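Participant: Sequence:
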Amino acid sequence: MFLLLPFLLLTTSVARLIGLDLALPPAGTELPPEPPGVVESLEVEVAQRTLIVRAAVRRTDVVTSAGEVEAREQRLPPVADGLDLGGLQGTLRQLKDIDPKRARLVLAPDDALPTRQLVLLMDAVRRDRQGELYPDVALGAAP
Numbered sequence: 001m002f003l004l005l006p007f008l009l010l011t012t013s014v015a016r017l018i019g020l021d022l023a024l025p026p027a028g029t030e031l032p033p034e035p036p037g038v039v040e041s042l043e044v045e046v047a048q049r050t051l052i053v054r055a056a057v058r059r060t061d062v063v064t065s066a067g068e069v070e071a072r073e074q075r076l077p078p079v080a081d082g083l084d085l086g087g088l089q090g091t092l093r094q095l096k097d098i099d100p101k102r103a104r105l106v107l108a109p110d111d112a113l114p115t116r117q118l119v120l121l122m123d124a125v126r127r128d129r130q131g132e133l134y135p136d137v138a139l140g141a142a143p
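So the sequence shown is numbered by our numbering: it starts at 1 and just counts up by one.
By construction, these hints were calculated from the structure, which means they are not laboratory data. Just to be clear, a hint being listed does not mean it is correct.
To be verified - Here are the simulated lysine to any residue pairs, SDA-like style, with alpha carbons at most 20 Å apart: (1) LYS101 x SER41; (2) LYS101 x GLY28; (3) LYS101 x GLN130; (4) LYS101 x PRO26; (5) LYS101 x ALA80; (6) LYS101 x GLU70; (7) LYS101 x ARG72; (8) LYS101 x TYR134; (9) LYS101 x PRO78; (10) LYS101 x THR50; (11) LYS101 x ASP84; (12) LYS101 x ARG127; (13) LYS101 x LEU76; (14) LYS101 x ALA112; (15) LYS101 x VAL38; (16) LYS101 x THR60; (17) LYS101 x LEU10; (18) LYS101 x GLN48; (19) LYS101 x VAL79; (20) LYS101 x ALA142.
Unchecked claim - Label-pair distances were calculated between CB atoms; the ranges are: (21) THR60 x GLY82: 18 to 26 Å; (22) SER41 x ASP61: 18 to 26 Å; (23) ALA56 x ASP110: 19 to 27 Å; (24) PRO36 x ASP81: 32 to 40 Å; (25) THR115 x GLY28: 19 to 27 Å; (26) GLY28 x VAL79: 29 to 37 Å.
Please read all numbers here as calculations on a predicted model, not as lab measurements. A virtual CB, placed ideally from N, CA and C, is assigned to each residue, including glycine.
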């Protein structure tokens, strides 16, 4: 026991003994809002029969700083019978697996897109064979 105390005093660094300074908010203040899901924004644009999926995905690995966002973009060229809805659903399923709580998607169709294809596109982004994707579809203007 007598040898243990000098050994601990010699091997312990001073830097590890210093505590963290905590600043607590004053009483009565509100809590900060919960951070959004991993997928911060999601948009599907239709430009000249090509589907463009744009997503802002917050990085969650250890070496990133807080709030660092990665912009992802995937282009799906048209298939023989029109828009590549199967490829779109596959891409959206990958994003849904990253952030299962997200329910909203912004759809920005081209002015030349026929109404029938727009309705098919809206149905395709709402659900796929595995289940619900993004049921809250907001229409936006294509750039």
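Participant: Next step is simple, just say for each hint if it's right about the structure.
Facilitator: Outcome of the hint check:
1. In summary, the hint linking LYS101 to SER41 is supported, as the alpha carbons are separated by about 13 Å, within the 20 Å threshold.
2. Between LYS101 and GLY28 the CA atoms are separated by roughly 30 Å; this puts the pair beyond 20 Å, and the hint is violated.
3. Restraint check for LYS101 and GLN130: the C-alpha separation of about 16 Å stays at or below 20 Å, so the hint holds.
4. Pair hint LYS101 plus PRO26 does not hold up; C-alpha atoms about 32 Å apart against a cutoff of 20 Å.
5. Distance restraint check for LYS101 and ALA80: the Cα-Cα separation of roughly 34 Å exceeds the 20 Å cut-off, and the hinted pair is therefore not satisfied.
6. The hinted pair formed by LYS101 and GLU70 meets the criterion: a straight-line CA distance of about 19 Å does not exceed 20 Å.
7. Taking the CA atoms of LYS101 and ARG72, the gap is about 19 Å. The hint holds against a cut of 20 Å.
8. The suggested pairing of LYS101 with TYR134 holds, with an alpha-carbon distance near 10 Å, which does not exceed 20 Å.
9. Restraint check for LYS101 and PRO78: the C-alpha separation of about 29 Å exceeds 20 Å, so the hint is violated.
10. With a CA separation close to 27 Å, the supplied pair LYS101 and THR50 exceeds the 20 Å bound.
11. With a C-alpha separation of about 25 Å, the suggested pair LYS101 and ASP84 falls outside the 20 Å cut-off, and the hint is violated.
12. Only pairs whose Cα atoms come within 20 Å are accepted, and LYS101 paired with ARG127 is accepted, the gap being roughly 14 Å.
13. For the proposed pair LYS101 and LEU76, the alpha carbon gap of about 25 Å is over 20 Å, so the pair is violated.
14. A distance of roughly 33 Å separates the Cα atoms of LYS101 and ALA112; the hinted pair therefore is violated under the 20 Å criterion.
15. Our distance criterion of 20 Å between C-alpha atoms is met by LYS101 and VAL38, whose separation comes to about 9 Å.
16. For the hint pairing LYS101 with THR60, the CA-to-CA distance comes to about 16 Å; that is within 20 Å, so the pair holds.
17. For the hint linking LYS101 to LEU10, the alpha-carbon distance of about 52 Å lies beyond 20 Å, and the restraint is violated.
18. About 31 Å separates the Cα atoms of LYS101 and GLN48, which puts this hinted pair outside 20 Å; it is violated.
19. At roughly 31 Å between alpha-carbon atoms, LYS101 and VAL79 are farther apart than 20 Å, so this suggested pair is violated.
20. For a cut-off of 20 Å, the pair hint linking LYS101 to ALA142 is broken: about 26 Å separates their Cα positions.
21. Distance hint check for THR60 and GLY82: the Cβ-Cβ separation is about 36 Å, which falls outside the suggested range of 18 to 26 Å.
22. One distance hint, 18 to 26 Å for the beta-carbon pair SER41 and ASP61, holds here, with the actual separation near 20 Å.
23. For the pair ALA56 and ASP110, the supplied restraint of 19 to 27 Å holds, since their beta-carbon distance comes to about 22 Å.
24. With their beta carbons about 37 Å apart, PRO36 and ASP81 fall inside the hinted range of 32 to 40 Å.
25. A beta carbon spacing of about 53 Å between THR115 and GLY28 contradicts the range 19 to 27 Å that was offered as a hint.
26. For the pair GLY28 and VAL79, the beta carbons lie near 59 Å from each other, so the given range of 29 to 37 Å is not met.
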